[in-house]
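**Q** Numbering (the numbering used here), first residue to last: 1 to 205.
I should point out that these hints are in silico values taken from the structure, not numbers from a laboratory.
Fair warning: there could be bad hints in the mix.
Below, in silico cross-link-like pairs of lysine to any residue (SDA-like), each with a Cα-Cα straight-line distance of 25 Å or less [stated by the list, open to error]:
| id | residue 1 | residue 2 |
| --- | --- | --- |
| 1 | K162 | Y52 |
| 2 | K200 | W170 |
| 3 | K89 | G157 |
| 4 | K141 | W170 |
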Amino acid sequence: MDNVSLSCSTKNGVIVLRTYIPKKIFFLGAVIICLIAYVAFQSDFIQKKIFYPYPYKEFITEYADLRNLDSTLVAGVVLNESKFRIGAKSHKGAMGLMQLMPETANWIAKQMDDDEFTLNDLEDPEINIRFGTWYLASLSKEFKGNEILMLAAYNAGRGNVKEWMNSNQWDMNFSDIEQIPYKETREYVAKVMKSKQCYKKLYAE
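Use the sequences and the hints to build the structure in full.
**A** Listed below in structure tokens is the structure:
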């Protein structure tokens, strides 16, 4: 390479060779590496493997279909709630893939007439998804299928969402995520909706 120079010097009787690479070549190399990395990370394989994995897809699809839910929305909820870690537990006590609170899980069990349910069952992927999709379906029914309101209620509680609707005069056509008062809930809803679109694109059948 004509633009690369080589110098030679002696230090303590040892010959030292130094290579000098002009800044322009170094910068160009760095740009090329960044472009290659960007293209690689945009590939469907990397997106599926790192950013949007889909373990337990069979359970998610089965119970989403049973509850008339969009399976990619459920996948987005699981990703943002637990990153698909079955043993996930929040500092507030939410458990499992869909991060169900103990009192909510016990209430769901009663609604489903599941007398054998124990909280340890939430560590079972199928049971956690079965309960979580039941709860999402109940929110879907309450908020007339409005996914933004459903997700806000899943994160902040249905009581808070109803209060926001009353005080801000929202109706069931509400769609402006930026109006959600809680920052955590606002960001949560936006992330799940983005995840839903990514799952729909990556796992289209």
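**Q** Report the numbers of all earlier hints that the structure fails to satisfy, in ascending order.
**A** Of the numbered hints given earlier, those the structure breaks are 1 and 2, listed in rising order.
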